[in-house]
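Between the sequences and the hints, there should be enough to build the whole structure, so can you do that?
So you can see what is in the structure, the chains are spelled out below.
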Amino acid sequence: MKTKVNMTPEKRRNTILSLLLIVAILGACAFLDANKYSYNYAISIIERSMIYAVVAVSMNLVNGFTGLFSLGQAGFMALGAYVTAILTIPVDQRASVYYISGIHPAIANLHAPILVALILGGLVAAAFAALIGIPVLRLKSDYLAIATLGFAEIIRALISAPQLDTITNGSYGLKSIPGFSSLFQVLALTVVCIGLMVLLINSSFGRMFKAVREDEIAAEAMGINLFKTKELSFVISSFFAGVSGGMLAMFMRSIDSKTFQVSLTYDILLIVVIGGIGSVTGSVLGAFLVTAGRELLRFFDEPLYIGSINIPLFRPGFRMVIFSILLMVVVLFYSRGLMGTNEFSWNGILGFFRGLGKKKVKKARGKV
Amino acid sequence: MSLTTFLQQCLTGISLGGAYALIAIGYTMVYGILRLINFAHGDIFMMAGYFMIFAMASLPWYIAVPVTLITTTALGVGIERVAYKPLRSAPRMSVMISAIGVSYLLQNLATYLFTALPMGYPEIPVLKHVYKIGGLSASFVTFLTPVLTLVLVYLLITLIQHTKMGMAMRAVSKDYETASLMGIDINKTISLTFAIGSLLAAVGSILYFTDRMTVYPYSGSLPGMKCFVAAVFGGIGSIPGAVVGGFLIGLGETALVAAGYSTFSDAFTFVILIVVLLVRPTGLFGEKTTNKV
Numbered sequence: 001m002k003t004k005v006n007m008t009p010e011k012r013r014n015t016i017l018s019l020l021l022i023v024a025i026l027g028a029c030a031f032l033d034a035n036k037y038s039y040n041y042a043i044s045i046i047e048r049s050m051i052y053a054v055v056a057v058s059m060n061l062v063n064g065f066t067g068l069f070s071l072g073q074a075g076f077m078a079l080g081a082y083v084t085a086i087l088t089i090p091v092d093q094r095a096s097v098y099y100i101s102g103i104h105p106a107i108a109n110l111h112a113p114i115l116v117a118l119i120l121g122g123l124v125a126a127a128f129a130a131l132i133g134i135p136v137l138r139l140k141s142d143y144l145a146i147a148t149l150g151f152a153e154i155i156r157a158l159i160s161a162p163q164l165d166t167i168t169n170g171s172y173g174l175k176s177i178p179g180f181s182s183l184f185q186v187l188a189l190t191v192v193c194i195g196l197m198v199l200l201i202n203s204s205f206g207r208m209f210k211a212v213r214e215d216e217i218a219a220e221a222m223g224i225n226l227f228k229t230k231e232l233s234f235v236i237s238s239f240f241a242g243v244s245g246g247m248l249a250m251f252m253r254s255i256d257s258k259t260f261q262v263s264l265t266y267d268i269l270l271i272v273v274i275g276g277i278g279s280v281t282g283s284v285l286g287a288f289l290v291t292a293g294r295e296l297l298r299f300f301d302e303p304l305y306i307g308s309i310n311i312p313l314f315r316p317g318f319r320m321v322i323f324s325i326l327l328m329v330v331v332l333f334y335s336r337g338l339m340g341t342n343e344f345s346w347n348g349i350l351g352f353f354r355g356l357g358k359k360k361v362k363k364a365r366g367k368v
Numbered sequence: 369m370s371l372t373t374f375l376q377q378c379l380t381g382i383s384l385g386g387a388y389a390l391i392a393i394g395y396t397m398v399y400g401i402l403r404l405i406n407f408a409h410g411d412i413f414m415m416a417g418y419f420m421i422f423a424m425a426s427l428p429w430y431i432a433v434p435v436t437l438i439t440t441t442a443l444g445v446g447i448e449r450v451a452y453k454p455l456r457s458a459p460r461m462s463v464m465i466s467a468i469g470v471s472y473l474l475q476n477l478a479t480y481l482f483t484a485l486p487m488g489y490p491e492i493p494v495l496k497h498v499y500k501i502g503g504l505s506a507s508f509v510t511f512l513t514p515v516l517t518l519v520l521v522y523l524l525i526t527l528i529q530h531t532k533m534g535m536a537m538r539a540v541s542k543d544y545e546t547a548s549l550m551g552i553d554i555n556k557t558i559s560l561t562f563a564i565g566s567l568l569a570a571v572g573s574i575l576y577f578t579d580r581m582t583v584y585p586y587s588g589s590l591p592g593m594k595c596f597v598a599a600v601f602g603g604i605g606s607i608p609g610a611v612v613g614g615f616l617i618g619l620g621e622t623a624l625v626a627a628g629y630s631t632f633s634d635a636f637t638f639v640i641l642i643v644v645l646l647v648r649p650t651g652l653f654g655e656k657t658t659n660k661v
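From first to last, the protein sequence lines are chains A and B.
All the letters of the first sequence, read from the start, carry residue numbers 1 to 368 under this note's numbering.
All the letters of the second sequence, read from the start, carry residue numbers 369 to 661 under this note's numbering.
If you are wondering where the hints come from, they were derived from the structure by calculation, not from laboratory data.
Please read these numbers as outputs of a predicted model, since none were measured by experiment.
Every residue gets a Cβ at the ideal spot worked out from N, C-alpha and C, and that includes glycine.
Among these hints, one or two may not hold up.
[Stated by the list, open to error] Calculated pairs, BS3-like style, for lysine-lysine (alpha carbon to alpha carbon, straight line, at most 27 angstroms):
(1) A:K228 to A:K210
(2) A:K140 to B:K542
(3) B:K542 to B:K453
(4) B:K453 to B:K556
(5) A:K140 to B:K453
(6) A:K140 to A:K228
[Stated by the list, open to error] From the structure, some residues in chain B lie toward chain A, with a derived Cβ separation under 7 angstroms:
(7) M461
(8) S462
(9) I465
(10) S466
(11) Y472
(12) D634
(13) F638
(14) L641
(15) L645
Structure follows, in structure tokens:
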């Protein structure tokens, strides 16, 4: 029996292109994974990009889709990272990790598989978010920003407090965290996390978030419970921030409270803004561009010689200046970022290239 | 704790609070007029520290101080022109991201230009002169800070209440569009607000860093946030509120450090913020009872 597939040629083309892209990504990952040792650097860039993509999408969920300006991401990542680290550091190595002040008996033998630890890390972050959300989400946008920023700082202060030395190892941080065994592990986690958030955004909850973003009063008049909707978005976003924090801990193998400074939140904000506030694919694209760009532009920090003349601009720190100027340029002149609120689509990409082609043709004609 | 130690700590707290108050005024004025948290304000304060270091390197202190004040004011006004003015009609989130961008830029620029290592702050001999009263000993700057703060605040309030420019500022903060219809030059008024805020931040910076001795690129971010909390605590938009908030935060922080909880002294500020927002979102001096600037 034949099944008839009803597809326009355009749709069929898009499906084929999507499948090709997936195969290409999987192939590239398999290739990199097989030659782990020669592509160490590339793999670490890709893993970091994926982790940042998860947290950028989670930030976008709150900031871009619900319209709440939250800057607490680093704090929630810290919670997730510490929970994951405490649960996954091998029990026999704990004595050497906590050699300064000893380990609290309650967590000395607590151990969980990676996946459970990551989810628990996310849940702890989500629980804190739910708690902090009750007072904070009633605030207007700018108070919310500073309150969440402050909350992230409180978490950081608590983590490095000497009173919690036996749990967080204070300012010495945690090390010997088991890393990822392969690139596919990170890829799978990233795809699942972002996939879940995309499903949420496309569900009726996602439409509620967008309604709140567009007009709170109108949304309330349509029967949306403002506080519950905001709280839901905030808690879910924090859950994924926590998971990505756990992933970051596994990626870095060692963490301390300085890892999760406000500048981490700013880095993620940069990704979200460059990708486009309100676009998931934009955030993913932004994560890869910013992370890879940061590594590839390392030559800005090296002294540069043209002939024998030293160009004085190039020295450590120049890279970050360029990044911050880039952020300002995007904010001031391209406030829509790469994708605006659009999502990636083959039609969009093809249309973009066709547009470019036409422009080129026009320019060429103009010159003649 | 003996009485002397207690008084000594109080003195430190009041002095720190004075510097905080001067910075908090910048936040409260900008918020009052633009409804914007100027995230870059703490970094303007940090840059003022660096300006002072370089000014003192070649100039005597009585010239270096005005030079620092002028360059910092120019920086503040310049930032407003470049980063906030083009976004007057943009959504609030864009302006806030722009403010964060400026803060990020200033921190990275300072790291690039002056390296991340702390730089020694020059000593002004007059300010560092140590006085002893009974069992108390403190440098001149400790006594000067609260006095200077109160004098400056008095001048500022006079400016706002009794001059034409101050009236324009009050009008713009009440209603932006109506004020412009009445023939008030909005851009000039906003520039003036940033100029005053940055000037006070520069004064605060000199007083603050003379006690701290070193400046590094991130030395502005935490005091900046604390001063914003001070402004919220006192009731944002209110200048007396910012001053009271600054002094209270300075005292509270010093008390925690004295009690041996120095790791929590930063967290304390944010706990205050959350409590204030929960219990009394308008702060100590609510918007209705005081003039917004």
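ask   = Looking back at the numbered hints, which does the structure fail to meet, lowest number first?
value = none
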